[in-house]
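Enquirer: So you can see what is in the structure, the chains are spelled out below.
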Amino acid sequence: MLSLTTEVLVIGGGATGAGVAWDASLRGLGVILVDRLDLAEGTSGRFHGLLHSGGRYVVKDAPAARECIAENRILRRVAADCIEDTGGLFVTTPWDDPAYADRFAAACRETGVDCEEITVAQARRDEPRLHPEISRAFRVPDANMDIWKTVWAMAHGAQQCGARILPYHEVTAIRRDGDRVTGARVRDVRAGEDLTIEAQVTVNASGAWAGQIAAMAGIDGVRVFPGRGIMIAMNHRLVNTVINRCQMPTDGDILVPIRTVSVIGTTDVHTDDPDDHTVLESEVDRMLDDGEKLVPGFRQARALRVWTGVRPLFEDAKAAGTDTRDVTRAHALLDHRQRDGVEGFVTITGGKVTTFRLMAEETVDAVCDLLGRDTPGSTAEQPLPGSESGANYRLGERLARKDERLRQEQTICECELVPRSRLEHALAETGSRNLDDIRRRLRLGMGPCQGGFCIYRTVGIMHAAGGIDAASADASLLDFLQERWKGVWPILYGDQLRQMRFDEWVFQGVLDVGHLPEAPA
Amino acid sequence: MRRRDHDVVVIGAGTAGMVAGARLAEAGADVCVIAKGVGSTHLAPGTIDVLGYAPGRVESPADALTSLAADHPYALIGSAAVADAVDWFTATATAAAGAFPGYAYVGSLERNLLLPTAVGALKPSALVPETFVAGDARQLDGLTVVGTPLLRDFHASLCADNLRAAGLRTTTVSLEVELDRVDANALGFARRFDDPRWRAAFSARLAPLLTGAGPVGLPAVLGLRDPHAVLTDLQAQLGRRVFEIPTLPPSVPGMRLFEILHHALRRAGGRLVIGAGVVSHRREGDRVAEVQTATAGSNTTYAADAFVLASGGFHSGAITLDSHWQAHEQVLGLTLTGVPDAGAPRFVPSYFAEQPLSRAGVAVGPDLRATGVSNVVVAGASLPGSASWREASGEGIALASGYRAAEVTATALGAGAIA
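Protein chains in written order, with my numbering: chain A, 1 to 521; chain B, 1 to 419.
Read the hints as simulated data drawn from the structure, not as lab findings.
Hints are supplied without guarantee of correctness; some may be wrong.
Derived DMTMM-like pairs (lysine to aspartate or glutamate); straight-line CA-CA distance at most 25 Å [to be verified]: (1) A:LYS402 with B:ASP183; (2) A:LYS402 with B:GLU176; (3) A:LYS60 with A:ASP114; (4) A:LYS486 with A:ASP268; (5) A:LYS402 with B:ASP194; (6) A:LYS60 with A:ASP268; (7) A:LYS293 with B:ASP322; (8) A:LYS486 with B:GLU176; (9) A:LYS402 with B:GLU178; (10) A:LYS402 with A:ASP146.
So here's chain A without its partners, still in its complex pose (with noise of 0.2 Å):
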């Protein structure tokens, strides 16, 4: 069996166990990270897509709103490229407390977090779909962030320092030595085959499945109780700003501008398992509502695509109550030699994407003491790779590159004018033949089409550019057919339904890819 050795293991390949390679690396501690899946699959790829700026919090937890806008304010810097400066606004609607906004503008100021009430008529010049009878408005510094790119490019920094990723590596079992985590065995599911990496220190980055990963290293009462919450991506910039309602936090009240579409979250339902991505119809129904609340008309926009994500809400069983007041969304960093005498090992979960960086940071520190290092973190001066200018990305910068290139490039994906160049690159680098994978980095068939054209274009591409067979690209394809229809189905109606019946035609109707070889019968 192929054995390495490395002086930190990751587990979990989302935010923060990312940053906790990146910040590793930078600190010149060997790394290795692996996930069971690909990076950013699991919570962090699921989130909303907000930048917090902690107004969110500011009146319910403001430690949590001290961190966000600290944080805030970091990664606007260092992860300039995957940032866009979109603003934010808290409005009070005519079903929210008018009372709460008062006590927000109030704790804004005590938390530090930038707030200026600006005129209801100026906030309707701003966005002139926001509903008419909005009564107050404040301005914050929410953003919106792209996961996938602020993950990959820390994982891009890591390797530049010599840091090994390995996406697609299932941890199958934690290696003991006595009192002393030594590392993990895991499976290249790819490949299919084990592995064993000893590690001086293993990181336990895993999230919602923290409890999980924990409990193979023989130590209990880690509990993570994953709550589930749906979004819905609206096509179109229905806003250019983030919305929030300005009330207590509570389901279905911020609406965040991303790249090309609007998401709708969340809600919180306690599920027990971190893989349950139900959607209810009931819920769907409840983000639609809450839509026309924030954006009147929300219903007639056609929406793109449900998900859910499970976020790591952790209770401590070995604090002082098992009281379930006790769980929180705070971020919880377990030193495990000191909590259950166990020595090499560190859980890191909770908290929430926004604080992601000061997580690793915090976790990176504790994996210092136990090494016994001494060297500063630098995640909040050092810029990750792609955004050393300090420029935030701007909507239209593809438009933009493509006008330039217009008839020197070929389009694979209209919806998220991708081109082919970017294509072959992202198969050259990243080997992978599975088209999620190449969805993650691309954006490509997330759009309004979902995949109707540039999915056959990029199967054709992937197999003619070699290293995989008709059976495996006719599979990688139906997989990702199927993979789409869990996102759509949910919510198809109105435009969204015509264009999976357009694409059904396609699929169908033009390429019969259910008669192919590896169709399911």
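Place chain B on chain A using the hints.
Expert: Frame of chain A; chain B shown alone:
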């Protein structure tokens, strides 16, 4: 407000509407086909797939048609009308005075051809353009599939590899061709193939690269003006039989199919107005008296004694499902059938399973008359009861129901038996 009066107004310019319009015009009716836009023809491969799967692969549509459910469109149309429609269409498409002299449709209800798709599956079709015939896998031993990187909507290597997996000896040629830009869609290539010098240069470049045996499969771009001449030239220049494989839309053979039907409609004195979406209608008692269309300048009212509704299903926007999960027939406000009840699943989690909503359509009686009105006959994808893509039956239903709708309508008008 402009106002026009006709014997019959056909709503929808897909295969069903165009067939109904052409047949009614041939019967002597004053007919106008109005449509929001061009229809199914520009998307579908241009073949007439009568019945490909039921649910296993169908060898003989004529046999399989008799065993369909009683509420299937073919059962309502009747097998005699299906056979008549196929005969009429074959004659119309092949007519010397037709849109494309020499260009013929080939096939029958007795035996499906088995034709490669762009991904390399083999799809059963009953009637196909002559430019497809050499691709019939039943007659094939070896073949060569030719593509070019400049046409992103057709990928020869994937197509060939799947055909190889199906047991056909297949070779591939990736041809570099000269264009003034880095890509063109099927339509762009078809316009180039219309130019005899361009296609001669294409053949000259391709001929030395052909090594394998058998016919040559090209993406379906062999011209829009004179496809018979393009096919003839290429076969002569390459010294092999040549056939077309459908690309992603726009569909060049489908556009030819549209031209064939449009030509037949015009020749018989019928009119076609594209860009005329119906925005409202007026009833008199149980009759639809007129429809209003939104057209450039001002709206136009079309009054008629009878209407044929061939506006399509969910894919065309003629039938919609709103965000409260209510289905509507948008054009004439007709009653729908086959829509799952509130609370029942409209879709199921498996993409490849039949979706419960897929058989919904406008409720009709046995002679395709819309329920609740006396002068509307329904044709094509507006009809309930079929799962057209899964069955590979959409174009056949469109042809046969368009044909039958014309028969029913002409009889009701008293225009006499159709010639």
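Enquirer: Each hint should be assessed against the structure and marked as holding or not.
Expert: Evaluated hints:
no. : hint                   : verdict
1   : A:LYS402 with B:ASP183 : holds (14 Å)
2   : A:LYS402 with B:GLU176 : holds (23 Å)
3   : A:LYS60 with A:ASP114  : holds (17 Å)
4   : A:LYS486 with A:ASP268 : holds (20 Å)
5   : A:LYS402 with B:ASP194 : violated (30 Å)
6   : A:LYS60 with A:ASP268  : holds (16 Å)
7   : A:LYS293 with B:ASP322 : holds (18 Å)
8   : A:LYS486 with B:GLU176 : violated (39 Å)
9   : A:LYS402 with B:GLU178 : holds (22 Å)
10  : A:LYS402 with A:ASP146 : holds (20 Å)
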